[in-house]
Structures are given as structure tokens and as C-alpha cells.
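**Q** One letter stands for each residue in the lines below.
There are 2 protein chains.
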Amino acid sequence: MRPSRFDHWPCQIARSADLLGDPWVPMILRECTYGVSRFDEFQQRLSIGRNILSTRLARMVEQGLLEKEPYQDHPPRHRYRLTAKGHGATLILAAMVRFGDDFLFEQGRSPIVLRDRETGRRLRPIVVDEATGEPLDPANVVPAAGPGFPGGARLAREWFQPTQADERSSS
Amino acid sequence: MRPSRFDHWPCQIARSADLLGDPWVPMILRECTYGVSRFDEFQQRLSIGRNILSTRLARMVEQGLLEKEPYQDHPPRHRYRLTAKGHGATLILAAMVRFGDDFLFEQGRSPIVLRDRETGRRLRPIVVDEATGEPLDPANVVPAAGPGFPGGARLAREWFQPTQADERSSS
Numbered sequence: 001m002r003p004s005r006f007d008h009w010p011c012q013i014a015r016s017a018d019l020l021g022d023p024w025v026p027m028i029l030r031e032c033t034y035g036v037s038r039f040d041e042f043q044q045r046l047s048i049g050r051n052i053l054s055t056r057l058a059r060m061v062e063q064g065l066l067e068k069e070p071y072q073d074h075p076p077r078h079r080y081r082l083t084a085k086g087h088g089a090t091l092i093l094a095a096m097v098r099f100g101d102d103f104l105f106e107q108g109r110s111p112i113v114l115r116d117r118e119t120g121r122r123l124r125p126i127v128v129d130e131a132t133g134e135p136l137d138p139a140n141v142v143p144a145a146g147p148g149f150p151g152g153a154r155l156a157r158e159w160f161q162p163t164q165a166d167e168r169s170s171s
Numbered sequence: 001m002r003p004s005r006f007d008h009w010p011c012q013i014a015r016s017a018d019l020l021g022d023p024w025v026p027m028i029l030r031e032c033t034y035g036v037s038r039f040d041e042f043q044q045r046l047s048i049g050r051n052i053l054s055t056r057l058a059r060m061v062e063q064g065l066l067e068k069e070p071y072q073d074h075p076p077r078h079r080y081r082l083t084a085k086g087h088g089a090t091l092i093l094a095a096m097v098r099f100g101d102d103f104l105f106e107q108g109r110s111p112i113v114l115r116d117r118e119t120g121r122r123l124r125p126i127v128v129d130e131a132t133g134e135p136l137d138p139a140n141v142v143p144a145a146g147p148g149f150p151g152g153a154r155l156a157r158e159w160f161q162p163t164q165a166d167e168r169s170s171s
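From first to last, the protein sequence lines stand for chains X and C.
Numbered according to my numbering, the first sequence spans residues 1 to 171.
Numbered according to my numbering, the second sequence spans residues 1 to 171.
Same shape as in the complex, but just chain X (with noise of 0.2 Å):
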């Protein structure tokens, strides 16, 4: 159905756009972290076809997003969940959330908020450098070729020259 499969580029940025590459995935990923586990309500909440859901869910136990458990036998009926990786890719999720917040609605008027589910208190994502808390500068970060790119260092040099950073650091 899809034309182009990019699960074996060798790059963090394709394989999570693969996995994430149907919209319905996302969708399908909030359900999970509101706690929806069942193929009916799933299907009620999202109005997705019965045949779209199951091939969705399927490819998600088999991604190792969710799992997939029996909750009962006569008739047998399944729930699913999410894994730590399905609870992982939900932080995408969330940056999804904040860039709404600032390019996609009217300030103030986001359709949805995050909160802690303990006390209720609203959480705003916000995208930050690990060692330092600083929030990163989408014009200031730049990729490079990390220890596991293929084909070794020359071709990292090749592929990474910076030729053209001066003309985009001037936008």
C-alpha cells in the first residue's frame, strides 16, 4: 500500500518515520496512553475501519509497540497494550503535541492538553539537550554521522561536508 518502506535506512529519523509513517499509528498510540485497550472501543473512538484497525494493530505487536494479551476465552477476546518502546514512541508523540501548541492551532486554543495522571497538573513537552536542560535550537542542530553509520569515516565526511551550511545558517 505504501510505496516506499524506509526500515532499514540506516537512520533513527527514517525508522521512526516508518513506524510512525501511517497517521492512524499516532492515533492509535493516544488511545493507548488514555488507556484504551480494546478493539471495539478503538474502533468506536477513532472511526477506523474494522479491516484498517486490525492490520494496524497487527503490524504494531508485530513492531513490538504494543502487546497483545487475552482478557477472555468464550469468545476469545484480546487487549492490547502498550511496551516500553510503545511507551517510547509516545514521546514523539508529545513533541507532536508541543509543535501543535506553536505552528498548528491558536495560541491558547489547542484542542488537547497533556497532564501528570496523578495530580492532574498540565505538562508542556518541550524538546531539550540532555546534559545541559537547554532547550535545542532547531536552527543550531545539525546531523552527523553517529558510530554506527555505515560504510566508515570517508564516507561520512563525504556524505556530512558542510557546503551548504553557511547559505542555510544565513535563513
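It cannot be assumed that every hint is accurate.
[To be verified] Listed next, the in silico DMTMM-like pairs over lysine to aspartate or glutamate satisfying Cα-Cα at most 20 Å (straight line):
#	chain 1	residue 1	chain 2	residue 2
1	X	K85	C	D102
2	C	K85	X	E106
3	X	K85	C	D137
4	C	K85	X	E41
5	X	K85	C	E106
Since the hints were derived computationally from the structure, they do not count as laboratory data.
These figures come from a predicted structure and were not determined experimentally.
Chain C: place on chain X using the hints.
**A** Just chain C now, kept in the frame of chain X:
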């Protein structure tokens, strides 16, 4: 080409996922953060078909992620730059990088790292709560109705009644 659009859903996650729903879009944004701005360079670095790239770039301009500006008259040539909104979207990519570090690649073997453009220092993105600086604990973050939730307070209560939160918190 895509069966479902989410760009009118009342949810920051849905609309962000719609913007990034085609994995070529994060790939193009990644190249932009690196400084790539010209059609041919996107095309070569991503090994993407020219027609696919052309439609993606046009849509990203239309959506306000990129701006297109002429840099040559004979023959006419354009380059593409991130707008403020496009820069903002790259923070979702930063969250993807961290997710990939934590869940998609062997520890310390990620193909990509993020660096400070000026100092070269490695940046490790992490999603925190802006008020406290505490890392978001995905198991403790729950979506709720915001000020822009459509349909008023009653619908918000129905939609977000915590019927299953007890089950979820036991996982």
C-alpha cells in the same frame, strides 16, 4: 494516494502526523537541517524519484514548512529553506532521533547523532516538562481536553472519562 487525511482533526497529534505522514517529509526536513536546499541535491542524497520529490516539496511549501526562493534566473532555479514552522517540526525529528537511540539501534551504535552547529558538541534530545525540567514519564502522561476541544465540556468529559485508566496503569 493516502486513504485518510487527518489535517482537520481537532488534535495536535493528528495534524502533526498528517504533516509528517509520508516518511519522505521527515527525510526532506532532515536534509534541510543539514543545509541541503536545491532540488538536485535532495534528489541525489535521498535517491528519490524526481516526480515524488517535486510533489512533496510543493506540498511542504503549501503547508508552510518550506519556503521557495529563486537563486538563478537563466535557467530559473529555486532553493528551499525551512520556515520557522519547518524548524519547529525538526524538533519532532529530534524526538525521533532519541527514540531511535533508545529503541531501534543497539546502544551506542546509532547511525546519526545530532551536534551543535557552532561548537560540534553532541546534543542528546530529551522531552521534558517545560515548567519543571523533569523528563516526561510516558506512563504518567495522559491526554485531556484543552481549551480548543470542540463540542464543549460535556463532550470533553465523555471523551476523556477515565474508564480504563486503572487497567492501563497496571501495565
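**Q** All hints are to be evaluated individually against the structure, with a verdict given for each.
**A** Against the structure, the hints come out as follows:
1. K85(X) x D102(C): With a Cα-Cα distance of about 8 Å, the restraint between K85(X) and D102(C) holds, given a limit of 20 Å.
2. K85(C) x E106(X): At roughly 14 Å apart (the allowed maximum being 20 Å), E106(X) and K85(C) satisfy the hint.
3. K85(X) x D137(C): holds, 13 Å
4. K85(C) x E41(X): violated, 34 Å
5. K85(X) x E106(C): Since the Cα atoms of K85(X) and E106(C) sit roughly 14 Å apart, the hinted pair holds (cutoff 20 Å).
Hint compliance for this structure: hint 4 alone is broken.
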